[in-house]
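From just these sequences and the hints, can you work out the full model?
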Amino acid sequence: MSANELKHAGINLGHADPLLHERAGAEVFGFWVFLMSDAVIFALLFATYGVMLPRTAGGPTPHEVYEIKSAFTETLVLLLSSFTYGMASLAMKYEHRQHRLQQWLVVTLALGLAFIAMEIHDFWKMFGENATPQRSGFLSSFYALVPTHMLHVTTGCIWIVVLLAQLRRFGIDARNKLNVLRLGLFWHFLDIVWVAIFSVVYLQGLAK
Amino acid sequence: MTSVHAWSYWLIGRIDWHSFAFVRAWRDPSLSEIIAAGAAALVVIGALAVIGGVTWLGKWRYLWKEWLTSVDHKKIGIMYVVIALVMLTRALIEAVLMRTQQAIAVNHSGILSPEHFGQLFSTHGSIMIFFMAMPFLTGLINYVMPLQIGARDVAFPVMNSISLGLTAAGAAIMMVSLVIGKFSTGGWSGYPPYTEMAFNSGVGPDYWIWAVTLSSIGTTMTGINFAVTIYKLRTAGMHLFRMPLFCWTSLCTSILMIFAMPPLTLATLMLALDRYLDFHFFTNDLGGNMMNYANLFWLFGHPEVYILILPAFGVYSEVISTFATKQLYGYKSLVYATMAIAVLSFTVWLHHFFTMGQNANINAFFGIATMTIGIPTGVKVYDWILTMYRGRVRFTVPMLYAIAFIVTFVIGGMSGIILAIPPLDYVVHNTLFLVAHFHNMLIPGLLYGMIAGYQFWFPKAFGFRLDERWGRISFACWVTGFYLAFMPLYVLGAMGMPRRMAAVFQPEYRPWLLIAGLGGFVLLAALASLFVQLWVSVRKREENRVFVGDPWDSRALEWSVSAPPPEFNFATLPEVRGPDAFGGVKERKQAYLPPPRYGDIEMPANSTLGPVLGIAGGAVAFGLVWYIWWLAIVGMLICIGAVIAGSFRRDTHRTIPADEVAETIGHWLSRAAEARAIPRPLETTSANQGLAESAT
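Chains A and B supply the protein sequences, listed in that same order. Under numbering that gives the first Met the number 0, the first residue of the first sequence carries the number 0, and numbering increases by one thereafter. Under numbering that gives the first Met the number 0, the first residue of the second sequence carries the number 0, and numbering increases by one thereafter.
If you are wondering where the hints come from, they were derived from the structure by calculation, not from laboratory data.
Calculated pairs, DMTMM-like style, for lysine to aspartate or glutamate (alpha carbon to alpha carbon, straight line, at most 25 Å):
#	chain 1	residue 1	chain 2	residue 2
1	A	68	A	121
2	A	92	A	190
3	B	74	A	26
4	A	124	B	277
5	B	74	B	566
6	B	231	A	26
7	B	231	B	574
8	B	325	B	467
9	B	331	B	579
10	B	181	B	93
11	B	231	A	172
12	B	74	B	650
13	B	231	B	599
14	B	331	B	382
15	B	231	A	37
Ranges of calculated distance between the beta carbons of each label pair, as one might list FRET restraints:
#	chain 1	residue 1	chain 2	residue 2	range
16	A	97	B	371	53 to 61 Å
17	B	598	A	113	50 to 58 Å
18	B	19	A	98	56 to 64 Å
Just a sample of chain A residues kept apart from chain B, beta carbon distances all over 10 Å, derived:
#	residue
19	62
20	71
21	90
22	148
Glycine included, C-beta positions come from ideal geometry on N, C-alpha and C.
This is how it looks when you write it as structure tokens:
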């Protein structure tokens with residue numbers, strides 16, 4: 000096989016190193032597989048949420064505690080961050096300019112942090128209304144599902160910071176290219192999960 | 000109490016003098032406590048002996064550089080098997096203790112307190128599943144699979160070492176629980192609400208939660224690693240349908256790990272949230288729903304059964320085709336059967352709780368799905384039998400295990416069909432009938448397979464054969480012991496004896512319990528003779544060397560290299576032209592030829608990440624169990640910091656120069672040229688130098 004055939008979509012690892020391309024294939028595939036098992040985690044958290052939804056135990060109901068406006072803004076922020084991350088990938092692939100890549104990553108990071116801040120604010124408000132995970136099975140499952148997603152976004156933000164440091168130190172080398180690609184998969188994956196959270200948790204909560 | 004000792008609480012959490020098994024035995028010198036203290040003493044003495052021994056031999060540096068930080072799949076595989084054997088020893092001794100207790104405790108309280116008995120069946124089950132079976136099969140796959148597909152290592156060697164570290168940490172937590180504190184009495188499945196704070200506020204369930212969580216995270220990573228290795232790292236010409244069957248079963252097992260471990264991780268973490276932060280997932284009050292736990296746990300638990308059994312199926316396929324001197328009969332049907340089992344394994348979890356209240360139609364669906372699994376399994380059994388049919392069968396030790404497996408496993412399968420019928424399950428559920436059934440599946444379907452694999456590949460890993468005579472003695476004990484220990488349990492179950500009883504009051508149970516107790520001791524003798532075999536073999540290693548590497552005249556690629564294989568496995572990656580890759584090479588008389596040219600080989604460099612994460616992960620678990628929050632936080636920060644620091648490392652490879660490769664291979668080839676090829680009947684004698692007649 001020629002180096003071209005082995006080239007993974009989205010990465011330019013240089014022209015003269017077929018072995019690197021081959022490794023890249025395995026590493027990116029491995030990350031897909033990891034995402035699959037992570038998706039199982041989320042699927043089960045959703046299932047648990049579905050089971051627990053009616054189990055409010057006399058406490059707050061979804062309708063009472065969810066803030067659809069805030070959730071909608073969070074959705075926009077996160078979707079926008081996915082877009083800016085896409086711009087980062089494109090900057091790496093076509094422009095080969097490191098500072099442009101870094102700029103888009105910083106924008107993505109800022110959006111990610113804004114998303115986290117807004118979510119924490121939401122939880123804070125819910126806590127103020129006595130909607131704590133200790134109150135009922137329903138709230139336990141809510142606080143298992145949504146903060147798990149937030150924890151993932153936090154991990155993604157830490158990863159961006161580490162990646163920025165590594166870009167400064169090593170430039171756009173093969174490892175960094177791979178990591179940009181993998182982090183991208185991770186970030187878009189979280190977006191998809193959030194869309195499901197918005198629909199299943201917040202929109203469904205509205206319908207009562 | 001915690002408020003009184005606020006200062007010490009910050010430092011050592013809820014540990015107090017009474018936490019130590021020795022102190023408990025001092026204050027209450029009952030037989031049960033003395034046995035517990037004896038077990039704790041064994042752990043302490045064992046740990047001291049290992050530390051002292053390594054120091055005495057001055058081998059710390061060697062251990063650290065050559066083993067603990069090594070990312071070589073072969074060494075990691077061996078370390079997994081070592082963990083498995085250590086844990087097997089503990090869990091088997093526990094089993095014998097339980098059998099002794101039940102044999103004595105008819106109208107009598109026996110030697111163990113009920114609580115101690117509860118801990119024993121919980122640790123026995125948890126260890127056998129998570130810290131014996133899983134490490135054993137992971138170790139075998141780690142060692143053999145990359146060699147069989149013609150790769151130099153797994154896809155993610157450092158992650159492999161991290162998986163090992165986490166598994167070892169979980170096993171260490173199990174060991175520590177013998178010395179400090181008490182283990183859960185909630186069984187290996189840890190059902191809430193019994194394991195919730197309301198009923199069990201001690202450290203036991205926490206030990207169980209964190210040991211299992213460490214192991215499940217490690218196993219998920221292992222699954223990803225193996226699956227990617229098999230999909231992406233096969234050598235040229237090694238099409239999926241040319242892979243040895245062991246690789247197929249490894250692949251299916253890995254896929255099951257990827258999908259089935261997350262439910263377990265989630266179930267244990269949700270239970271932890273209930274216990275630590277007062278959530279209400281599985282509690283009796285405030286909307287908790289324990290059935291959700293049962294579903295999550297068995298959504299893992301049933302595929303887990305096949306995670307355990309499939310690799311053994313792979314081992315048997317290799318062993319039977321090698322020692323029947325024939326190609327595997329029905330290779331493709333075996334592959335499809337393996338796949339079918341892997342898929343169906345996700346459709347039957349509910350048969351673990353037929354009696355827990357769902358309606359009859361649901362039970363009927365899962366009952367039928369359960370019986371369906373018998374079909375592909377049956378296909379496999381016939382394929383193995385037909386492989387032996389008209390073959391020239393050599394009754395070596397691994398082959399004996401394979402034959403014992405076929406017979407015993409089919410009996411267990413029959414009792415499984417009985418249990419799959421919901422009305423019958425209602426009658427025998429939670430009795431010893433069930434205990435007999437799953438031991439009847441897992442002992443032949445896992446343990447015999449792992450031991451067969453150990454006997455089969457030991458010469459490959461260490462360069463000398465294991466002693467045949469002691470191997471046969473051990474085999475005889477494993478088989479007799481199994482039948483003595485577990486057939487009576489079917490009878491007892493049918494007589495209505497519930498499982499997990501510390502004492503019973505029906506004298507008619509006694510004869511059967513005595514036979515089962517005797518069987519327990521025979522099984523202990525089996526394990527002892529396995530270790531004697533190892534001892535004898537190490538002493539006689541010089542006369543049993545098989546350096547050339549093909550002692551059994553086998554056909555897969557792992558036999559085409561020296562024993563033990565060089566670090567880089569293959570001087571040049573082999574090109575495969577058909578199924579039974581090495582068999583084809585031997586037929587074409589092209590074995591033991593020097594490669595056209597030697598080149599530099601890049602291998603992954605050692606990494607400290609595995610042991611660091613293992614130790615830090617173990618510290619987190621211990622801190623969480625005992626509420627030593629600073630330890631948990633520090634451990635967690637070390638884990639995160641180590642991963643980030645590790646990602647800054649760029650020189651992750653080291654190069655083995657072509658000269659060194661040429662020298663290693665040249666030495667091996669010259670020994671192969673000098674060696675005398677032997678016919679198959681001589682393979683168990685010291686004439687066997689690892690060169691088969693068919694290759695010359």
